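Protein chains in written order, with this note's numbering: chain A, 1 to 226; chain B, 1001 to 1219.
Calculated from the structure, these hints are not laboratory results.
Errors might be hidden in some of the hints.
As the list claims (entries may be wrong) - When the alpha-carbon atoms are kept at most 30 Å apart in a straight line, the in silico DSSO-like pairs for lysine-lysine are as follows: (1) A:K129 to A:K6; (2) A:K145 to A:K104; (3) B:K1200 to A:K129; (4) A:K145 to A:K129; (5) A:K6 to B:K1200; (6) B:K1183 to B:K1200; (7) B:K1121 to A:K118.
Fair warning: this is a prediction, and the values are worked out from it, not measured in the lab.
Below, each chain spelled out in residue letters.
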Amino acid sequence: MTHAVKFHPGMMLMEQYVEGTLAADVAIAVATHIDLCPHCQQLCQDLHNDKGAQLAELTPAVSNNAAEFADMLSFITSQAPELKAARKTDAESVTVTFNNREFKIPRALSRMAEQHGKWLQLGGIATAKLPAGEKLHVSLLYIDKGTEIPNHTHLGMELTLVLSGRICDENGEYGAGDLLINSPDDTHTPHTRVDEDCLCLSVLSAPLKFNKGLVRLLNPLQQFFY
Amino acid sequence: MLESTALTGHHATSQATPRMPDRMTISAEPHIRSGQWEDALTYVAVNADKAAYAELFSYFAPRLKAFGMKMFGNEQQALEMVQDTMLNVWKKASLFDASRGCASTWIFTIARNVRFDMLRKKQSRKDDVSADDLWADGDYPEQEESASDKWETMLMSEKLAPHFDALPPAQRLVMQKVYIEEKSHQEVSDELDIPLGTVKSRIRLALDRLREALDDTRS
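Chain B on its own, in the form it takes in the complex (with noise of 0.2 Å):
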C-alpha cells in the first residue's frame, strides 16, 4: 500500500515538471553564431590571431575530448588526439578552404587522420596505410545535384515509410521538414540553426539510405 503510495506521488511529481517534445530536437548553441568558426580560422590563418584561435579552441578542445574519449576509452590518449588535433589547427589554418565545407568538418577530418595515424604508429611499419593514402584532400570535382532528383519523385511511394523511419533521427527531421513540411533548403537552415551545406548533405545520406533499402547493389 505504501509503496504504491509512493509511485503514484513520484509519477504526479514527475508530470509536474515541464517534459521534453519527444521529437528530437537539433540545435547549435545559441551563442554561435553561423559562419563563426570559418571567420576565426581565417584570422588564424591570415594574422595567426591568437584570441580567435582562444575561443576555436574552448569550443572544439573539450569537443574533441569528448570524442577522443568515446574512440580511445581513455583520457591519456584522447588529450594526446585533441593536442594533436588543435596543434593541426593553429599550424595549418592556412589550408582550411571554407569554399570545400565547414570548420568543423576540416577538424573533424583532422583528429580523424590523427587518431588512425596514433594507432599505427604503434606497429611502426614503414609501408604501412598511412592516413594520407586513405582520405583524399578534398580534391575531387563538385557533383551535380541530378543524381539525387530522381529519387525524391519516389520519397511519395509507400513502400519507403518504414525505411523513412528508420533514418538516423537528424536526417529524419531534415527530411521530415522538406518533404512532409514542404520548405525550402535554406528555412530548415535557419530553423534548425544548422549550415545550409549540412541540411544538403543530410538530405543526400538520407536518400542515399533509401536507395540502398530499395536496391541491393551495394554490397
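Okay, chain A solo, but in the shape it has when bound (with noise of 0.2 Å):
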C-alpha cells in the first residue's frame, strides 16, 4: 500500500528550494520530500516554470562595458559544444541497513546517507550523523517498534522527514515522505506502534531539551540526538 503523504513543506520553502536560497541542510530535507511526494513533484516544476517566465521577463541590466556581452559571446562560441551531453545517469538506488532493516534511500539523500556516519544506540532510538551540516545537524534516525521518544522541547527547529514506516505524536500520524516541523516551544512525545519500525532524516538546529521525570537526566545526553 502505498502512503499518501499528508505533510507538507509549506509554499514559502518550497519557492526558496526552488530559487536555491533555502540553507542547504534544510533543502536536503525539501529535495527528498519531493522525491517521495508526487503533488510537490508537481508543485516544483510548476515553480521553476513561474522563475523561468519571471526570468525571462526581467528588465534586462544596463552595462557600462558595450564589449562585455560580445567578447563573452565570442568566447563562448570558441569552446566546443557538447554534441551528445551526458544526461545525469541515476545511480543505483542506495540502500542502509540497520537492526537487520535494509531501507531503500530517495535520491537526493543517496550520496549523503552512503557517508553515514557509525550508529549510536540508547534503547530503541539509534542516529548516525550525515556529512551535511554547516549550522544544522543533519542525521538519520532509526526508532524501532514500540519505542517512545520521551517529551521533549526543540531548543531550536527540527525538521524531520519520515523516510520510512511510521511515527505518531500528539499531533497525528506521519508515514513515508511526511515531513514535521517542530519550532522552539513546540513539545512533543512521539512514538512508533507496536508493529512499525521508523527510519527518519532529522535535521536539528540545537539539541533537544527532555522535559519530564527521570529522562531530564537524559539532557546532560542531549548531544546523542543532536
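From the two separate chains plus the hints, produce the assembled complex.
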C-alpha cells in the first residue's frame, strides 16, 4: 500500500528551495520530501516554470561596458559544444541497513546517506550523522517498534522527514514522505506503533531538551540526538 | 500660496500624461515569437548554430545579469554567473527537452545551479551538498490533473476571496481570466502572450496557495 503524503513543506519553503536560497541542510530534506511526494513534484515543476517565466520577463541589466557581452559571446562560441552531452544517469539506488532492516534511500539523500557515520544506539533509538551540516545537524534517526521518544522541547528548529515506516505524536500520524517541522517551544512525545519501526531524516538547529521525570537525566546526553 | 500653485500645476501636468492602467499587465516583448527560444536551442543542439545562439545570448545574457545582480549584489559575480550559465547553454543544448518545459525554465535551472555551486565552492568540501543532489533533472513522472480539480469548485466560496486578493499579481491575473472571465487556458495564453504551460503552472500554483491558506498541512 502506498502512503499518501499528508504533511508538506510550506509554499515559502518550496519557493526558496526552487530559487536555491534555502539553507542546504534544510533544502536536502525538502528535496528528499519531493522525491517521495508526487504532489510536490508537480508543484516544484510549476514553480520552476514560473521562475523561468520571471527570468524571461526581467528588465535587462544596463551595461557600462558595451564589449562585455560581445567578448563573452565570442569566448563561449569558441568552445566546443558537447554534441552528446551526458544526461545525469540515475545512480544505483542506495540502501541503509540497521537492526537487520534494509531501507531504500531516495535519490536526493543517496550521496549523503552513503557517507553516514557510526550508528549510536540508546534503547530503541539510534542515530547516525550525515556529512551535511553547516550550522544544522543532519542525521538518520531509527526508532524501533513500540518505542517512545521521551517528551521534549526544541531549543531550536526540528525538522523530521519520515523515510520509511510510521511515527505518531500528539498531533497525528506520519508516514513515508511526511515532513514535520517543530519550532522552539513545541513540545511532543513521538512514538512508533508496536508492529512498525521507522527511519527518519532529522535536521536540528539546537539540541533537544527533555521535560519530564527521570528522563530529564537524559539532558546531559542530549548531544546524542544532536 | 506660490507653493500650492506649483503643486496644482504639477498635478495638472501629471493628469495630462497618459497613465498606465492600474491592473498589472504582463506581456512578453512583442517581437518574441512563441517557441522561438525552444527552436533556437534545437538549432544549437543539432548544428552548433552560432547565429541562433547569438540571438538567445542577446536576449538572456542581460536578463541573467539582472538576475545575478539581484542574487549576488555584485557585478563581478553576476557576470561570472552569466558566463557559466550561457556556456552551459551552449555546450549542453542537446540536453534541452522541450517536452519538459520552456527554454526559460531550463536556463533558469542552469543559472540557479551555477549560482548555488559558486556559493558552495568557497567552502570547498568534497562531501558537501551539491546542486546535483538537490535538484532532480526533471525526471519525475507526469501527474494527472485531478489533484487540482476538486479545489476548483471551492473557488466560488466566499472564504477564499481575501486569499484570492493576496495571490501574486501574475497568478491572480491568470486566475481572474480563467475563473471570473471564464476564458480557456489557450485564450489566456494568447491574450497575455505567455506559453500555455506557464498559464497552467500559474493556475496550479495559485490553487496550491489557496489550499495552503485554507488548511494547515503545509508546515
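Against the structure, the hints:
Our distance criterion of 30 Å between C-alpha atoms is met by K129 (chain A) and K6 (chain A), whose separation comes to about 27 Å. Of the supplied pair hints, the one linking K145 (chain A) and K104 (chain A) holds, its CA atoms being roughly 18 Å apart against a limit of 30 Å. Pair hint K1200 (chain B) plus K129 (chain A) does not hold up; C-alpha atoms about 41 Å apart against a cutoff of 30 Å. Between the alpha carbons of K145 (chain A) and K129 (chain A) the distance comes to roughly 21 Å, so the proposed pair stays at or under 30 Å and holds.
A distance of roughly 24 Å separates the Cα atoms of K6 (chain A) and K1200 (chain B); the hinted pair therefore holds under the 30 Å criterion. Distance restraint check for K1183 (chain B) and K1200 (chain B): the Cα-Cα separation of roughly 13 Å lies within the 30 Å cut-off, and the hinted pair is therefore satisfied. Between K1121 (chain B) and K118 (chain A) the CA atoms are separated by roughly 27 Å; this keeps the pair inside 30 Å, and the hint holds.
Checked against the numbered hints above, the structure violates only hint 3.
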